[in-house]
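Protein sequence lines, in the order shown, are assigned to chains A and B.
Per the UniProt record's numbering, the first sequence starts with residue 1, numbered consecutively.
Per the UniProt record's numbering, the second sequence starts with residue 1, numbered consecutively.
Since the hints were derived computationally from the structure, they do not count as laboratory data.
Keep in mind the model is a prediction, meaning the values are calculated, not measured.
Don't take every hint at face value.
Remember, identical chains collapse to one label, so a pair may be satisfied in a single copy or spanning two.
What the hints assert, rightly or not - Capping the alpha-carbon separation at 30 Å, the derived lysine-lysine pairs in DSS-like fashion look like this:
id, residue 1, residue 2
1, K606, K248
2, K248, K567
3, K536, K403
4, K600, K584
5, K584, K567
6, K205, K194
7, K567, K606
8, K565, K606
9, K584, K285
10, K584, K565
11, K584, K248
12, K600, K194
13, K410, K248
14, K600, K565
15, K205, K377
16, K377, K285
17, K600, K567
18, K377, K584
19, K248, K403
Protein chains: 2
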Amino acid sequence: MKILDLLFGKPLASSEERAEQVGPSAGLPIFGLDALSSAAYGPEAALTLLIPLGMAGVYQIVPVIGAILCLLVIVYFSYCQTIEAYPHGGGSYTVASENLGAGAGLLAAAALMIDYILTAAVGISAGVGALVSAVPSLQTHLLGLCLLILLILTLVNMRGVRDTGVVFQIPTYLFLGTLLIVILLGGVHVLLGKGHPVPVVAPPKLPPATAMLGWWLLLKVFSSGCTAMTGVEAVSNGVMAFRDPRTKNARVTLTIIIAFLIVLLAGIALLCRFYGIGATDPNGKGYESVLSQLTAAVTGRGWFYYVTIGGILLVLSLSANTAFADFPRLTRSIAHNDYLPHVFLLRGRRLLHSHGIYALVFFTATLLIIFGGVTDKLIPLYAIGAFMAFTLSQAGMVVHWMKNPGPGSKWRMAVNGVGALATGVTLLVVLVAKFRAGAWVTALLIPLMIFLMLRVRVHYSRVRRETNCPTPLRVDHLEPPVVILPLDRWSRITEKAIRFALAMSPEVIAVHVESEDSKKSICDEWDNMVVAPLEKAHHAVPQLVQLQSPYRFVLAPVVDFILGKEKELENRQIAVLVPELVVKHWWENLLHNQRANVLKLLLLLKGNQRIVVINIPWYLQR
Amino acid sequence: MKILDLLFGKPLASSEERAEQVGPSAGLPIFGLDALSSAAYGPEAALTLLIPLGMAGVYQIVPVIGAILCLLVIVYFSYCQTIEAYPHGGGSYTVASENLGAGAGLLAAAALMIDYILTAAVGISAGVGALVSAVPSLQTHLLGLCLLILLILTLVNMRGVRDTGVVFQIPTYLFLGTLLIVILLGGVHVLLGKGHPVPVVAPPKLPPATAMLGWWLLLKVFSSGCTAMTGVEAVSNGVMAFRDPRTKNARVTLTIIIAFLIVLLAGIALLCRFYGIGATDPNGKGYESVLSQLTAAVTGRGWFYYVTIGGILLVLSLSANTAFADFPRLTRSIAHNDYLPHVFLLRGRRLLHSHGIYALVFFTATLLIIFGGVTDKLIPLYAIGAFMAFTLSQAGMVVHWMKNPGPGSKWRMAVNGVGALATGVTLLVVLVAKFRAGAWVTALLIPLMIFLMLRVRVHYSRVRRETNCPTPLRVDHLEPPVVILPLDRWSRITEKAIRFALAMSPEVIAVHVESEDSKKSICDEWDNMVVAPLEKAHHAVPQLVQLQSPYRFVLAPVVDFILGKEKELENRQIAVLVPELVVKHWWENLLHNQRANVLKLLLLLKGNQRIVVINIPWYLQR
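Okay, chain A solo, but in the shape it has when bound (with noise of 0.2 Å):
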C-alpha cells in the first residue's frame, strides 16, 4: 500500500470531502484552458488545409477565423443564459436530458463523452507537437512523448483535485502572457513595417499553390477551424464550483475566456497573414507547428521563444486534463440513470470516480495509438463531438423557455435558438466536410455507443425486476439443506469436511467416484474412520454412494449425480462442499489438480437456484 500512497496520494474520507469553491481568477484556469487552448490548434488546423493554396491560403484564413468568432460569440451569449437557467451545472447532458427527452440525453451524453476522449487526445498531441517543433530531434518519439504525458496526468488526476488546482494557475497565466505580447509585438511589427513586417527567424517558405479556392475546400477549412471552439461549454458545467454570487462569477469568468480566445485566435490570424505564414506538413519532416513559426518570426528563438513554447506545450497538455475532470463526471451522471455500468458511481481512495478515469486513459490511449499521435489525424474527429453537444444544449434550452416563461423569456428563447440554429448548421457542415477525413468514425461512434447504453439501461431494469423483492422475508421450509461431499480418500481435508457437512446438516451424502488413478479410495477406510466413530457418539451416519466412471471422467459423473438429486429432492436446498487445497506459492497449484475450482464452475454454470457451492479450504501450513 506505501507505494500506492507515494503515487496517488493517502486514501481520503468521505468526510474530508470539501467543496471547492472560486471566483474568476481561479476558475479562468481551471474552467478556461480548454476553450484558450483551442487557440494554439485551431488556426493551424484550418492552415494546414490551405498549404496546397501556397501563400494564396494564409491571405483566406482572416476571413475564416472572422466567421468562427461571429459564431464564438453567439455561443457565448447563448451559455451565458445556460449559466443562469442551471446555477448547479448546465452540461449539454443535463440540458437535453430534462428538456428534450431520454433520447436526446443519450445522444448528448454519447457526443459528449467521443467529445472529451479526444479533448484529450488531441491536447496531449498538439502539447507534443509545439515540443517537437522547439527540438525537432524528438519527432520520431511522438507517439511515446503522447503516452508519457497521458501517464504523468493519469498520476495527477489520481491524486485528486485538491493537489491540480495550483498546477493550472501559472501555465494558464504564462501561456495567455507571452502569446498576447507575441501578437503585442507582432501588430506593432506590422504597423512599424507598413503590412510587411521583417520575421526576425524567417518561417518555412510556403510551397507553390497547386489548387485554387473553392466552396467545398472553404468549407473544409471553417470546418477545422471550428476546434478552436471546443471547451467553452466548460464553464456552464461546473457552475457550482464559483463561490457566491455564483452565476455572475461565472458569467464574469466566461466573459474573461471568451474575450482572451477572441484576441488570440484574431491576433494569430492577422500575424499569420501579415508575417506570411502557413502551415507545414504534419506528416512530414521538418513539421513546425504554426504558433513556434509565428514566435519564431516576431521574437526570434531567443529564451523568450522557449518560455513561449513551453507554456503552449504545458497549456495543451493540462487542457486534456478539462478531459479529466468533466469526464468522470459526466460518466457518473449517465451511470446514475442506469446506461452505463455502475462502477462508474463509486468514488476511489481519493474521492475520485476512478473509473471513470480509468476508461478515459484506456480510450485516449488507444486514439493515440491508432492515430499514432498525429494532432492532424485526430481533428477531423473533434468537432463533431462539441458541435452535437453544443447543439442539443442549446436547443434544450429554447424547451426550458418554453416551459417557464417568464420576463424575456421570448427573447432569451430566440438567443439560445439562433445559438442553436448557428451551432447545428456548423455542425452539418463539418459532418458533411470531415466526413470522409475520419468523422465518419464519430458518426458510427455514436450510435453504437447509444445502442450500448440502451443495452446497459435494459439489463439493470431487468436485474431489478427479477431481484426486486416486495414481501418480507418466507418463513416456510428453513430445514437444513442436503449436503452432498465430494470425497477420494481419507485425509484431513476429508475430515474437515466431512465435520463441515455433519455440523450443518443431518442429512450428508459422500460421494466417490471410481477412478484409476485414486491409490487408495476413500471406501476401504469409510467404516473404520468415519462410520465408527459417528455410531459410537450416537450421531446420524452420512450416507456414502459410489459412483462408476467408465470413461474416467471424475467431475460429469459427480455433476449428475447432484443434478439428479436436486430434481429427486423437490422444495430442498442442495449444498455441495467442495474440499479445496489453499497453497501459499502460486506454483505450487500445478502440481494439484484444479477439479474443486471446474467443479465449481459447472455448478455455475449447469446449477439453479436450489444449488449452493461451499469451499472447505485447507491452508497448507508452509
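We have chain A already, so just place chain B on it with the hints.
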C-alpha cells in the same frame, strides 16, 4: 463435444484397453523408426562439419562412420542383455533408479525427457529438410511446415495408439526399401565405374578446402555423427509390448533394426565418398540434404527420386512419433514417484496420458521456434541426452548383474561395462566437442530439471505429511457454524441468502457496510422485512451489524469483521455467505461489481482453517 469426437475420436472406456501384442515385423516400424530414421540426419550432421575441408572432408566420412558403427555394435550387445534382464521394459529411468539410486534415476529422467523432446524436434525438422530439398520453393516456410507437421502428429496421437499402428508400417518399409535400392544401385555403379561412378544428376560442387583436418574437428564430426545412434534404446523400453516369447521377439527385432541401420549408415558413407557428395550449408539458400543429392546422383530426378524423398519425409516425421509414444509413459513413471505433477498420471478420453502429450508438444514447438526449424542447430543439443541415458542404463545393468549373480553374470557384466564405458566416453566427447555449439543448453537444463523434480517431490511429501490423518473422525464440537452474511439492500438475492443462513445455523450475523453508493440500505427495511416475519414464526432473529467505512472501502471492513469474529469465537467454524449474481452472458459481468469474487479471494488469502466461504448464487432468468 462433437468436434472433439471428430478430431480425437470418441472417448474410450477403461475396459476397452487392449494389450498391443506385436511380433518382429510389426515391432520394427513401431520401435525401429526412431533408430532407422537417424540414418537420414546422422551422416549429414557429420558431413556438415566437414564442409570446410572440401573434397578431403568427404573422404573422412568413412572412418568416422566406421567408428560409430563399432560403438553401435557394442551398444547392441549391451541392450540385448537389458532386454533379457527387464522383460517388463527396462528404460534408462527404470534401470538407473533401481540399480544406481534415486539420484541417477533423476539424471536419467532429465536426460530422457530432453532426448525425447529433441527426437520430436529433430525428426520433424529433418523431415521438413528432406521436403525442402525436393521442393526448394518451400525454403521460406521452414518453421511453418515444422509446426504444421507437429500439429498433425499431435492430432493423430491424441486419437491414441490403436489408430497409429498401421500408419507406420507402410512408410517404414517404403523408406527401407527405397534407400536399400539406392545403396544397392549405387554400389553396382561404383563397382562398374571402378570407384568412379558417373552421377545421373551431378551433386552441387564441393567448395574449395578452407581448413585442415585436425583432432578437434574430427572429435566434433564424430560427436555430430553419433546422433545416428539415437533411438536404439526404444526396444528395451517396450519389451512388454511384444508377444510371447517376449524377450526373444524383442531381441530379434532389435537385431533386425541394428542390422538395417548398419547397412544404411555404411552404404550412405561409402556412396558419399565415391560420388563425392558433401553437405550443403543448412542455413543458406540452395540447401539440399545429403540423401537427396545421393538419390539424385544414383537414380536421377525421376518418380523414384520423389518416392524416396517422400519415404524419408514420412519416416522422419513419424520418427518424432516415438517421442509421442514414449514421453507420456516416461513422465507417468516419474510422476508416479512424485517427481512430476500428478496430472501426468491421468489418462485422457482416449486412454492416453494426455498431459504428457501436451507437455511434449509445448516444448517441441518452443524448440522449433527458437531454432527456426533448422536441424543443424538442434543437433548439438541432441546427442547428450541420448548418450547420458545409454550410459546410465548400462552402468545400471552392471550393478544389476552385481546384485543378481548367476551363471554367466560376470561375462554379462563385462559386456554392459564395455557398453557403459564406450557410451560414457562418447558422452564426454560430445559434451566437450559440442559445448559451445549448444550442448551447454542441455548441460544447464539437466541440473535445472533435477532441481525442479526434487522440489516437486518435496512438495508432495509435505502435503502428504500435513494432510495425512491416521486417526478416525473427531466427533466433538459438531455444533453448527456461526454464519456471517454481508448484505447491501433487501432483494430476492438477499432473501435467498438469509433463508440459507437460517437453514444451516441458528447463529446468523448480518453485516452491512455504510457506503455512499448504496442508495437504499438493508437497515431501513430490516425490521419490516426480516425481523417481523421471523418473530411471528417464533424463529431466532439474526443480528444486524452496521460497519462504518470512512474511506468508502466496502470489503476491507467486512474482512476485518470476519477475522475479528474468528479470533473471538474459539473452536467455532465461521461460514461466510456470499450472495452472488449469476448472469447469462459474460459481458453482463461488466455491469456488476465483482465484490463477491474479490471477497472470496481475500478470505482465501487472509483466512484460515476455521473460515469457510459459501457462494449463494442467484441465477438471472434471462
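Tested hints:
{"no.": "1", "hint": "K606 / K248", "in the structure": "neither (62 Å within a copy, 55 Å between copies)"}
{"no.": "2", "hint": "K248 / K567", "in the structure": "neither (70 Å within a copy, 60 Å between copies)"}
{"no.": "3", "hint": "K536 / K403", "in the structure": "neither (83 Å within a copy, 52 Å between copies)"}
{"no.": "4", "hint": "K600 / K584", "in the structure": "both (21 Å within a copy, 16 Å between copies)"}
{"no.": "5", "hint": "K584 / K567", "in the structure": "between (39 Å within a copy, 22 Å between copies)"}
{"no.": "6", "hint": "K205 / K194", "in the structure": "within (21 Å within a copy, 83 Å between copies)"}
{"no.": "7", "hint": "K567 / K606", "in the structure": "within (13 Å within a copy, 37 Å between copies)"}
{"no.": "8", "hint": "K565 / K606", "in the structure": "within (14 Å within a copy, 34 Å between copies)"}
{"no.": "9", "hint": "K584 / K285", "in the structure": "neither (56 Å within a copy, 53 Å between copies)"}
{"no.": "10", "hint": "K584 / K565", "in the structure": "between (36 Å within a copy, 24 Å between copies)"}
{"no.": "11", "hint": "K584 / K248", "in the structure": "neither (63 Å within a copy, 52 Å between copies)"}
{"no.": "12", "hint": "K600 / K194", "in the structure": "neither (84 Å within a copy, 78 Å between copies)"}
{"no.": "13", "hint": "K410 / K248", "in the structure": "within (22 Å within a copy, 111 Å between copies)"}
{"no.": "14", "hint": "K600 / K565", "in the structure": "both (17 Å within a copy, 27 Å between copies)"}
{"no.": "15", "hint": "K205 / K377", "in the structure": "within (23 Å within a copy, 58 Å between copies)"}
{"no.": "16", "hint": "K377 / K285", "in the structure": "within (16 Å within a copy, 44 Å between copies)"}
{"no.": "17", "hint": "K600 / K567", "in the structure": "both (19 Å within a copy, 29 Å between copies)"}
{"no.": "18", "hint": "K377 / K584", "in the structure": "neither (51 Å within a copy, 40 Å between copies)"}
{"no.": "19", "hint": "K248 / K403", "in the structure": "within (24 Å within a copy, 105 Å between copies)"}
When held up to the earlier numbered hints, the structure conflicts with 1, 2, 3, 9, 11, 12, 18 and fits the remainder.
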